[in-house]
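Number of protein chains: 2
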Amino acid sequence: MPSLEVCLTPELIHLYPADGKIVVVTDILRATSCMVTALSEGIESITPVSTTTECRELQKLGYLAAAERNGEQVEGFDLGNSPLSYLENNFTGRKLAMTTTNGTLAINKSKNASELLIGAFLNLSVLSDYLKACHHDLLIVCAGWKGMVSYEDTLFAGALATKLGNSFEIGCDSAMLSIEQYANTNDDLLSAIKKSSHYKRLHNLKISKDIEFCIDVDRYALIPRLDHNQLVSL
Amino acid sequence: MPSLEVCLTPELIHLYPADGKIVVVTDILRATSCMVTALSEGIESITPVSTTTECRELQKLGYLAAAERNGEQVEGFDLGNSPLSYLENNFTGRKLAMTTTNGTLAINKSKNASELLIGAFLNLSVLSDYLKACHHDLLIVCAGWKGMVSYEDTLFAGALATKLGNSFEIGCDSAMLSIEQYANTNDDLLSAIKKSSHYKRLHNLKISKDIEFCIDVDRYALIPRLDHNQLVSL
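So the sequences go chain by chain: U and V.
At position 136 of the first sequence the residue is numbered 136 (my numbering), and the sequence of numbers has no breaks.
At position 138 of the second sequence the residue is numbered 138 (my numbering), and the sequence of numbers has no breaks.
A hint or two may mislead.
Chain copies aren't distinguished; within one or between two, either way the pair holds.
Stated by the list, open to error - Straight-line distance between alpha carbons at most 30 Å, and here's what the computed DSSO-like set of lysine-lysine pairs gives:
| # | residue 1 | residue 2 |
| --- | --- | --- |
| 1 | Lys163 | Lys195 |
| 2 | Lys95 | Lys163 |
| 3 | Lys132 | Lys200 |
| 4 | Lys60 | Lys109 |
| 5 | Lys146 | Lys194 |
| 6 | Lys194 | Lys163 |
| 7 | Lys60 | Lys194 |
| 8 | Lys109 | Lys146 |
| 9 | Lys60 | Lys132 |
| 10 | Lys109 | Lys95 |
In case anyone wonders, no lab produced these hints; they're calculated from the structure.
Small disclaimer: the values here were computed from a predicted structure and weren't measured.
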């Protein structure tokens, strides 16, 4: 039976060799929720980069450029980190460059995976179905917040691990923790996510709408996959 | 209101400055359970050291010496990491030197705390009562297993955080996770701890007895505290 592990923050990634595993990166608020939304709403590809400098270079080459630091859009870029931006505008066919505080770092630290996928509540079921069919060792990497464990990412890991159920062997105690956290929600994700420090940090109206959007389970049926440093629809 | 944080493994300790905080170190299976037991059963002091070499030096000076690596007693030492050893023998008045795979490392990484205490299920209530009375910022450091998050240490963190209840403000998402994990046990610690990878690793009869002993909540009313590199009864 394939194993399922959860790395609670990129600070612990050295303890979880990704080689030969499928890695699902998640950053619920809001990088990976944005990625699923962007590709589902017509963006052609997403190039995740670590720095705003790299992001600006790609912007000069004609990419749409999204940059977020500490929850806010960085000046001079086209977009920040709100998934709603991709519904409010028509970006069909555009290539996107993206850098975020935590999410793009988690992706860059996981690049030696055999396959790197992007997970969010927005694509939970399609992702779960795909992973069950793959029958392959799985590592869920939570992006966290500046190295700290983040409640909403662990909650997603727990939701995904719960859906995968008996098809995987639980490979570490962190996976067990995330399953128990998710079990405590009784399917009320909004009440659960309000317990997170991230929710308390970002409390203006715009962000509240983002949060409600980010927990809209199975809104999309698309899985972003890394292919030659670009995320494209699987 | 003072804050309560939980550092899930010593690998994340750099994210939780301990300066000016009370730190509770926990390594349920079995270092801190041993420490509470040893002092309660008559040991005068415990000197936690990082290496077996340091432990042997103290042994030569007349200390009783306990050394564990990968769950087993290291050859040439008086004791391993079983709390039952302190009941089966009379060590009253002896000084003990101790090195373990994870627990002593967690202590050494937390030495800049304003006060360093040792926690286990064995002394849960007395510790909780003391911390409530202190009204001071608190960091619980879980020893984990070789850098990985460990189910049973997080479970203890959740039990302690639950007991501290409304006297502390939850300072990080890891603390919230541990509270939810503990809530899921419905006070059946043995069933809970059987989910841990540690339980699965150590499955011989002797260890089973150790585990049952380590979850004997409130068996003792003593708190080990670090004082000039020695743990003594508070």
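Results for each hint:
Taking the shortest alpha-carbon separations for Lys163 and Lys195, both the intra-copy value of 22 Å and the inter-copy value of 19 Å come in at or below 30 Å. Taking CA atoms no more than 30 Å apart as the test, Lys95 paired with Lys163 passes in neither setting, with 32 Å inside one copy and 52 Å between copies. For the identical chains of this complex, Lys132 and Lys200 are inter-copy neighbours only, at 25 Å across copies versus 35 Å inside a copy, given an alpha-carbon limit of 30 Å. For the identical chains of this complex, Lys60 and Lys109 are intra-copy neighbours only, at 26 Å inside a copy versus 46 Å across copies, given an alpha-carbon limit of 30 Å.
Only within a single protomer do Lys146 and Lys194 lie at most 30 Å apart by alpha-carbon distance; the minimum there is 19 Å, versus 32 Å between protomers. For the identical chains of this complex, Lys194 and Lys163 are neighbours both inside a copy (22 Å) and across copies (22 Å), given an alpha-carbon limit of 30 Å. Within a single copy, Lys60 and Lys194 get their C-alpha atoms no closer than 39 Å, and across copies no closer than 56 Å, so neither meets the 30 Å cut-off. For the identical chains of this complex, Lys109 and Lys146 are neighbours both inside a copy (14 Å) and across copies (21 Å), given an alpha-carbon limit of 30 Å.
Taking CA atoms no more than 30 Å apart as the test, Lys60 paired with Lys132 passes in neither setting, with 41 Å inside one copy and 57 Å between copies. In this assembly of identical chains, Lys109 and Lys95 lie within 30 Å of each other by CA distance solely inside one copy; the values are 22 Å within and 46 Å between copies.
Hint compliance for this structure: hints 2, 7 and 9 are broken, all remaining hints hold.
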